[in-house]
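> In order, the protein sequence lines correspond to chains A and B.
In terms of this note's numbering, the first sequence opens at residue 1 and continues consecutively.
In terms of this note's numbering, the second sequence opens at residue 1 and continues consecutively.
Hints should not be assumed to be uniformly reliable.
Said to hold, decoys possible - Example chain A residues on the side facing chain B (calculated, C-beta under 10 Å, incomplete):
hint: 1; residue: Leu-50
hint: 2; residue: Gly-215
hint: 3; residue: His-225
hint: 4; residue: Asp-238
hint: 5; residue: Glu-273
hint: 6; residue: Arg-326
Just so you know, the hints here were simulated from the structure itself, not pulled from any lab data.
Note that this is a predicted model, so its numbers are computed, not measured.
Even for Gly, the Cβ is constructed at its ideal location relative to N, Cα and C.
Number of protein chains: 2
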Amino acid sequence: MNDNTSWDSLVDHVARIETLRGVMGTLGWDEQVMMPPKAQPLRGAQRALLSRLGHEWLIDERIGGWLADLEGSDDPVRRACHRNLGRTYRREQRIPAELVDQLARARSEGFAAWIDAKKHSDFARFAPNLERLLELSRRRAAAIDPDRHPYEVLLEEFDPGTSVASLREMFARLRDGLTPLLMAIADRPQLPELGATFDPDRQQALHREVAAALGYDFDGGRLDHAEHPFTTGLGAGDVRITTHITADDLLSGLGATIHEAGHALYEQGLPHEHAGTTVSYAASYGLHESQSRFWENFIGRSRPFCNWLAGRLEEHFPEAGVDAERLFRASNRVERGLIRVQADEVTYNLHVIVRFELELAMFEGTLAVKDLPEAWNARYAEYLGVRPESDARGVLQDVHWSGAAFGYFPSYTLGNLYASSLGATLERELPDLWTRVEAGDFAPILAFLRDRIHSRGHLDEAPEIIHAAVGDRDHVEDLVSYLWARHGALYGAERG
Amino acid sequence: MNDNTSWDSLVDHVARIETLRGVMGTLGWDEQVMMPPKAQPLRGAQRALLSRLGHEWLIDERIGGWLADLEGSDDPVRRACHRNLGRTYRREQRIPAELVDQLARARSEGFAAWIDAKKHSDFARFAPNLERLLELSRRRAAAIDPDRHPYEVLLEEFDPGTSVASLREMFARLRDGLTPLLMAIADRPQLPELGATFDPDRQQALHREVAAALGYDFDGGRLDHAEHPFTTGLGAGDVRITTHITADDLLSGLGATIHEAGHALYEQGLPHEHAGTTVSYAASYGLHESQSRFWENFIGRSRPFCNWLAGRLEEHFPEAGVDAERLFRASNRVERGLIRVQADEVTYNLHVIVRFELELAMFEGTLAVKDLPEAWNARYAEYLGVRPESDARGVLQDVHWSGAAFGYFPSYTLGNLYASSLGATLERELPDLWTRVEAGDFAPILAFLRDRIHSRGHLDEAPEIIHAAVGDRDHVEDLVSYLWARHGALYGAERG
Numbered sequence: 001m002n003d004n005t006s007w008d009s010l011v012d013h014v015a016r017i018e019t020l021r022g023v024m025g026t027l028g029w030d031e032q033v034m035m036p037p038k039a040q041p042l043r044g045a046q047r048a049l050l051s052r053l054g055h056e057w058l059i060d061e062r063i064g065g066w067l068a069d070l071e072g073s074d075d076p077v078r079r080a081c082h083r084n085l086g087r088t089y090r091r092e093q094r095i096p097a098e099l100v101d102q103l104a105r106a107r108s109e110g111f112a113a114w115i116d117a118k119k120h121s122d123f124a125r126f127a128p129n130l131e132r133l134l135e136l137s138r139r140r141a142a143a144i145d146p147d148r149h150p151y152e153v154l155l156e157e158f159d160p161g162t163s164v165a166s167l168r169e170m171f172a173r174l175r176d177g178l179t180p181l182l183m184a185i186a187d188r189p190q191l192p193e194l195g196a197t198f199d200p201d202r203q204q205a206l207h208r209e210v211a212a213a214l215g216y217d218f219d220g221g222r223l224d225h226a227e228h229p230f231t232t233g234l235g236a237g238d239v240r241i242t243t244h245i246t247a248d249d250l251l252s253g254l255g256a257t258i259h260e261a262g263h264a265l266y267e268q269g270l271p272h273e274h275a276g277t278t279v280s281y282a283a284s285y286g287l288h289e290s291q292s293r294f295w296e297n298f299i300g301r302s303r304p305f306c307n308w309l310a311g312r313l314e315e316h317f318p319e320a321g322v323d324a325e326r327l328f329r330a331s332n333r334v335e336r337g338l339i340r341v342q343a344d345e346v347t348y349n350l351h352v353i354v355r356f357e358l359e360l361a362m363f364e365g366t367l368a369v370k371d372l373p374e375a376w377n378a379r380y381a382e383y384l385g386v387r388p389e390s391d392a393r394g395v396l397q398d399v400h401w402s403g404a405a406f407g408y409f410p411s412y413t414l415g416n417l418y419a420s421s422l423g424a425t426l427e428r429e430l431p432d433l434w435t436r437v438e439a440g441d442f443a444p445i446l447a448f449l450r451d452r453i454h455s456r457g458h459l460d461e462a463p464e465i466i467h468a469a470v471g472d473r474d475h476v477e478d479l480v481s482y483l484w485a486r487h488g489a490l491y492g493a494e495r496g
Numbered sequence: 001m002n003d004n005t006s007w008d009s010l011v012d013h014v015a016r017i018e019t020l021r022g023v024m025g026t027l028g029w030d031e032q033v034m035m036p037p038k039a040q041p042l043r044g045a046q047r048a049l050l051s052r053l054g055h056e057w058l059i060d061e062r063i064g065g066w067l068a069d070l071e072g073s074d075d076p077v078r079r080a081c082h083r084n085l086g087r088t089y090r091r092e093q094r095i096p097a098e099l100v101d102q103l104a105r106a107r108s109e110g111f112a113a114w115i116d117a118k119k120h121s122d123f124a125r126f127a128p129n130l131e132r133l134l135e136l137s138r139r140r141a142a143a144i145d146p147d148r149h150p151y152e153v154l155l156e157e158f159d160p161g162t163s164v165a166s167l168r169e170m171f172a173r174l175r176d177g178l179t180p181l182l183m184a185i186a187d188r189p190q191l192p193e194l195g196a197t198f199d200p201d202r203q204q205a206l207h208r209e210v211a212a213a214l215g216y217d218f219d220g221g222r223l224d225h226a227e228h229p230f231t232t233g234l235g236a237g238d239v240r241i242t243t244h245i246t247a248d249d250l251l252s253g254l255g256a257t258i259h260e261a262g263h264a265l266y267e268q269g270l271p272h273e274h275a276g277t278t279v280s281y282a283a284s285y286g287l288h289e290s291q292s293r294f295w296e297n298f299i300g301r302s303r304p305f306c307n308w309l310a311g312r313l314e315e316h317f318p319e320a321g322v323d324a325e326r327l328f329r330a331s332n333r334v335e336r337g338l339i340r341v342q343a344d345e346v347t348y349n350l351h352v353i354v355r356f357e358l359e360l361a362m363f364e365g366t367l368a369v370k371d372l373p374e375a376w377n378a379r380y381a382e383y384l385g386v387r388p389e390s391d392a393r394g395v396l397q398d399v400h401w402s403g404a405a406f407g408y409f410p411s412y413t414l415g416n417l418y419a420s421s422l423g424a425t426l427e428r429e430l431p432d433l434w435t436r437v438e439a440g441d442f443a444p445i446l447a448f449l450r451d452r453i454h455s456r457g458h459l460d461e462a463p464e465i466i467h468a469a470v471g472d473r474d475h476v477e478d479l480v481s482y483l484w485a486r487h488g489a490l491y492g493a494e495r496g
């Protein structure tokens, strides 16, 4: 077949799959933000119908022929498409339909069992489900590629291009780099909380102003409320963010808005002109997370940002009398806690590393499911200096494993690692970075991210995109240095 | 094939089509209520994809076989399915794909031309498009059934079971019945407007309370704002309404909410257990409109309802000091106006009759497009006693013709006709009707409509459903009597 005819057919077909994905995204957003409760069964039927269609289209055997025609292409978009689509196509082709059904059922039962187990704080109620989910996931990994590390096969779904070996190495060094910082801080007096309340209705205008200032385009998106904030990119011109505003925790809500705006800026800046080629999507979960965490932490918890934010706060809530110093200190409290989603920047990665090490051990057969709670508690005691008093606030706290999302957790810390190298690079390349931030001028930062990350879409794998963006940098050292610089200074502790 | 296997396959297939229809409905709702402006092209692609799919599924040739197996069934659901699905299947099969494309293009161009013509108040700019839309619609009608009146073929899409002959007869009598009432009222002093303003944010609670009082289930729906209020039934458990609230027109906004709640009560009461059989849908546009208008006008503009509403208003807006009498009189002002969507109950049907007569004349070849504005103006002068000063406020005011929605207008007046017979029947069968309304107890009214109309779905055609609900009644006489009773009394005019 003529190469261009073949390419056009491929693009038509993939565009159809991507359009359907946008429809499903819209239904997903609606379900979390708008849908009335009684619509649940109807929505389930709608999603099942579209999932089946999307799967049929994805295993369409014509794709094999189109991919063969792309072999050896010099064009970067076609090369990337050959890699991305080829991977998805092979994965979908190789997983037996029976296993797909078994996993779907096991996930649904697993979720129910996890809810129940968490409610009763009793891991034993969830253990048989976790066994089953692990076994099916191992079979799934073996079906996709029996010759690779099963965990890496699963990881590939979230962070293609990242190896287990590299994660193991980086996470071990990071753990060892964070422990001294956490110990040094632990001796110092705690920073104060913000300790003020802010009317939620009036907070909305502030959130919108902050998101717009960072560069989020409201003509191609919207900001709504959700119990668990998320961002959904439905395609060009439709990237929606959600947040969670409460009266007594201004900073947590604002942090969520800045975090989601970071995700959304990535989605809004993707190369949508390449729709139908797989290239107009984000390169990985880790890279996505690097964008949200870069804005939320590196920028959003910096002193210059707090100086700017204090001015905005003064305008929206003059009666609150919160100054920049108070904002800055309250934004950077470090606490040895049990709960990942409430963790600060310093401890957060230790929460993730515990999960990574444990799921890896389960896949490698060195940890049995029945021993998981004790292994969890021991690692929390060792790395974080706290020991869960219950399964609910320990091993059962996160939903991920109940949905067989093994290999997902590392993306959070990959995001922090990438973000710190982006930050270090930006500081070097944009000498007036912090003056700009203090003035509320975020345009040069966004331009940098657009150029180095967003506009690259999925042309290369995430580690390659990051390497091209920051050069030869040690992400672990970048992250540890950055955390020492900010938190060591705030707490008056010095790196040994 | 075994009859039940055939039936199960049919139900599976139709359920798939209906589920897809619900997805498209969700996208449509989102587009009007939530979607950011820049998402327009993306949404267009999503809708086009799903439309093509739905069309493919609807002309699936297996349907012909399943329908043949249903022939002569005694089961009422299967009989109704044979009729409803058979009609849609034949229509879709018979319209050539080329004509579908031509009409899609002509509609899109027609809409743009209409916007432009209305802006410049210059019918000539839209005339060629209207010619084209009429010609394509005639060809479409001929493709579906060359032996029937083309207008009736088009009408069937909105009100299956209603003939051109019956419309012609009813509408002529209605016109002749309304003229004396309008003339009698014209001599009398005008009723006062409400003349007060109400904070829009605070109005929302009142709107929600009113909709809930009528029986609208918020757990299976929601109330939002839209420029042009509408209701969308997406399936079981998801029926959403929209309204338009302004500070200076409380009654128009409340009227919209009650109107849409009327539509929504119908949708929420449909026999959803028959999903996949075509029976769980409304029987016709006219019957749908009878539900909205029954609540909006027959109930919502009645004196007992105004008495109840005055109490609710007193609670929500104590400072406004609006009493029941003032509400009742302001709710029932009759004015000879030019604009259909602003018309009162008495003049509204004359607006519709003008459109019906003109579109019928164009299809019968007795009216040329170029003569349309003059024919429009002459009929307004004759029936309503007002003459449009411009095309924009005359023949160009409605969007319908720009989308080739010929045969749509009659459903509005069919709705008023059906509603008046439902009202007369309810008054006879429920002697304490108005005491209940005054007490805000709408449950027996809803129970009556659920039993006679909603739960019937599309088991029978609308005229049969109405006949079973009210018996042998003259809808025209019911409507004219009702309007004389309410408006004659209010204006102090007597029926000759």
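> Each hint needs a verdict: does it hold in this structure or not?
Now for the hints, and whether the structure bears them out:
Checking A:Leu-50 against chain B: minimum C-beta separation of about 7 Å stays under 10 Å; hint holds. For A:Gly-215, the interface hint is violated, since its Cβ never comes within 10 Å of a Cβ in chain B; the closest pair sits about 15 Å apart. The interface hint given for A:His-225 is violated, since its Cβ lies 13 Å from the closest Cβ of chain B, which is over the 10 Å cut-off. At about 4 Å, the closest approach between the beta carbon of A:Asp-238 and any beta carbon in chain B falls short of 10 Å, and the interface hint on this residue holds.
At a threshold of 10 Å, the smallest CB-CB gap from A:Glu-273 to chain B is about 12 Å, leaving the interface hint violated. Interface hint status for A:Arg-326: violated, as the beta-carbon distance to the closest one in chain B is roughly 33 Å, over 10 Å.
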